[in-house]
Amino acid sequence: MKQSRIKEKGQTSFKAFAYAFSILSIVLLLFPLGWAISSSLKDPISLYQFPPKWIPEQPQVVTIVVDYSDSDMSDQQALERDGLKAMWYSWKRKQNEAIGEMRTIGMRDGRVLYEMKMRAFEFNAGRSYVLPTEVFTDQMMKTKYMLIKERGYSHVTWHGLDSETVYSPKQRAVSSTEDQLSAQIDAFLQSSSFLEGDVRTVSQSGDWMRIFDNYLAIFKENSLTSKSATILNSFMNSVYVVVLSIFSQLLLGGTAAYAISKLIGKQWSNRWTLFFVATIMIPEVAIIVPLYLVIGELGLTNNLWGVILPHTSWGIVIYMFKGFFDQIPDEMLQAARMDGANEWRIFYSMIVKLSIPIFTVISIMTFMAVWNEFLWPLIVLRDESLYTFTLYITSEASRPRAAGTGQSTMAMLLLAAIPLMVVFATCQRLIERGVSWSSGVKG
Amino acid sequence: MEKVSLAVPLKYRKKKRFPILAALFLVPSVLSFVVFKYVPMLYAIVMSLFDFSIMNPPGPFVGLSNFIHLFKSSLFQTALYNTFVIALLSLVMTFWIPILQAMLLIDIRRGNTLFRFLYLLPAAVPSIAAVLIWKWLYNPDYGLLNAILERIGLPAVGWLNDPAIAKFSLVLPGVLGGGLAVLIYYSALQGVSREIVESSTIDGAGPWRRMISIYLPGLKFIIGIQFIQFLATAFLAFDNIYVMTGGGPANSTNVMSLMVYNSAFKQNQFGMAGAISFIIFAIVAIITLIQIKVSNKE
Chain A
1 MKQSRIKEKG QTSFKAFAYA FSILSIVLLL FPLGWAISSS LKDPISLYQF
51 PPKWIPEQPQ VVTIVVDYSD SDMSDQQALE RDGLKAMWYS WKRKQNEAIG
101 EMRTIGMRDG RVLYEMKMRA FEFNAGRSYV LPTEVFTDQM MKTKYMLIKE
151 RGYSHVTWHG LDSETVYSPK QRAVSSTEDQ LSAQIDAFLQ SSSFLEGDVR
201 TVSQSGDWMR IFDNYLAIFK ENSLTSKSAT ILNSFMNSVY VVVLSIFSQL
251 LLGGTAAYAI SKLIGKQWSN RWTLFFVATI MIPEVAIIVP LYLVIGELGL
301 TNNLWGVILP HTSWGIVIYM FKGFFDQIPD EMLQAARMDG ANEWRIFYSM
351 IVKLSIPIFT VISIMTFMAV WNEFLWPLIV LRDESLYTFT LYITSEASRP
401 RAAGTGQSTM AMLLLAAIPL MVVFATCQRL IERGVSWSSG VKG
Chain B
1 MEKVSLAVPL KYRKKKRFPI LAALFLVPSV LSFVVFKYVP MLYAIVMSLF
51 DFSIMNPPGP FVGLSNFIHL FKSSLFQTAL YNTFVIALLS LVMTFWIPIL
101 QAMLLIDIRR GNTLFRFLYL LPAAVPSIAA VLIWKWLYNP DYGLLNAILE
151 RIGLPAVGWL NDPAIAKFSL VLPGVLGGGL AVLIYYSALQ GVSREIVESS
201 TIDGAGPWRR MISIYLPGLK FIIGIQFIQF LATAFLAFDN IYVMTGGGPA
251 NSTNVMSLMV YNSAFKQNQF GMAGAISFII FAIVAIITLI QIKVSNKE
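So the sequences go chain by chain: A and B. FYI, in UniProt numbering the residues of the first sequence are 1 to 443. FYI, in UniProt numbering the residues of the second sequence are 1 to 298.
Treat the hints with care, since some could be wrong.
Think about it this way: if two alpha-carbon atoms lie no more than 27 angstroms apart in a straight line, the pair counts; the simulated DSSO-like pairs of lysine-lysine are [what the hints assert, rightly or not]:
| id | chain 1 | residue 1 | chain 2 | residue 2 |
| --- | --- | --- | --- | --- |
| 1 | A | K149 | A | K94 |
| 2 | B | K220 | A | K15 |
| 3 | B | K135 | B | K293 |
| 4 | A | K117 | A | K94 |
| 5 | B | K135 | A | K53 |
| 6 | B | K220 | B | K293 |
Keep in mind that the hints were calculated from the coordinates and are not lab data.
Could you build the full structure based on these sequences and the hints that come with them?
Rendered as structure tokens:
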């Protein structure tokens, strides 16, 4: 269309309005998403700060230097435990602050005995196992020492009693009062008695790299806990359900719709179409309780197949498939038949290839619906290890847990959006085509 | 045409009646639809007539007393009322917004694909996750919405804790529009003939006039379809209510779908759940029939 369009009155101002309206709509639409992203990057204190801020605080790296010059400790384990105490107990005390990483350096007469560090995601993953409450005793660390080592929450480097490494402070050696956090930690350690060594300095510096630790914590928690219900596990459950639902839908729906459209007489075709498509009218909620009993009879409660199988009875899938097959001219099939191809051969060598667009469209529509599904898996699945992703995030979000886990919930919610975002970004055209097909308008 | 079909030998045409392959293709789906759709539907009706016991089905026959009990109970009356109010609220507040968004999008040439993508993007967040994000926005103490209200000098609102506005808060996220609905209307608008649009322009119709007299009538069919789906979805809404309020505060958001779930899986009253299911089905069927009647008349 290369004709010059006729300028009309009010054209320019209308265009400006259309742009302004659309941009405003989109900004408002993305606003909850933006807030979720901002929340997912925050430390607990700024998460619950009022009035809220959009920009998260910069995570701080805190270094504690412990001096053993006046102590005659020589046992490696005891020394390491001491360092871990300094690190874990002061972090636990300040657990809601924006701490990104903590380091402890143990030294004697200018020589480094040990160095240890722990990043925020490691502390967050481990703290409910290592320090569920603020019990800062020697005994506490004795019982948890092995756990910390086994699961690798903290990284400890042992230099040895006769170490050659000279202690050289890289950061400011003295904690100043303007660094509130390190001053507070210093005061906390000075006033407590669980440490064998003397706290020499506590210092801090900012590090933006640790801003994504709420996300890393989710995966660390996954790989370092004995829970059977983990985020990765529920993610895989969802993938399993989605993939098998799509596959069984394409197989059952595709074949049935092809039979209706091409293999049987007109009268029977109409009857069967009605049989399938009329079920679109049955609301899900209205049959969910008896459906649960039916699934129980089949022995599929608390089983992922109990979630998958009812997806093979979607009237809309048959409707869309039939609409597509009806457009394939009968003459083509007749020609193939005359060439001696049998019906099965025609179906799998000809129709399947022709139908790739409709297969894709239905796959995407099913993906969106099943990935989001909540009520049906909620009813069918009991074991947390079988939970799909939507169930998992809901149960995590509603679980009364220690304060300061709201940010990892937000991170989890955003992770849940990634698969569909990828689908949208890659298959926008197909979705638009599918949208116009499923709503009965030929695109 | 006639000649082609005559040329087909008889034995091939005969095959079209009901070949084995057709039966093979149909049986699994028929089985699936019977087991997962038709049996449960009949089952719901049967259940509603019994004081249904899961352990020892079906339990004693009670006739219509489940229904009578329901209509007498104030809890059900409240749920029925809430269901209608929430559906009506979302109709008034949200149904027309994607239509407007699509109609204004059709005149945008530059970056149209990007706009469509951005409209679609929020739909990538699973509805449950979106609900949880909104719950966080609504948080009376730390939520962003109350912070904004405070900033502009308005008193804080107990979004989900105040029975008077909890229904409104449930519907509010939909006001932002977007999602698949925009794409549906947009693709329907592309079906509106360009010639009619051009000729109306020549006849001197301004852009607003064009929207009302050409685009809107062009959308009539799809709006009808969407209307039914919208009402059905609004009537059956479960996820957002279950997660946001769980029916509270003071039953002000307790709806029928929630009652089905609670009476079956929380209170073990399966007969009652069957009765409510049947009522839901009847309401949705009536709405659909009215819609079909209306659209046939036109």
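Okay, the hints, checked on the actual structure:
A distance of roughly 22 angstroms separates the Cα atoms of A:K149 and A:K94; the hinted pair therefore holds under the 27 angstroms criterion. A distance of roughly 24 angstroms separates the Cα atoms of B:K220 and A:K15; the hinted pair therefore holds under the 27 angstroms criterion. Between B:K135 and B:K293 the CA atoms are separated by roughly 40 angstroms; this puts the pair beyond 27 angstroms, and the hint is violated. A threshold of 27 angstroms between alpha carbons decides the hint, and for A:K117 with A:K94 the separation of about 16 angstroms falls inside it, so the pair holds.
Taken as a hint, the B:K135 and A:K53 pair is honoured in the structure, with Cα atoms around 18 angstroms apart against an allowance of 27 angstroms. Between B:K220 and B:K293 the alpha-carbon distance is near 15 angstroms, which keeps this suggested pair within the 27 angstroms criterion.
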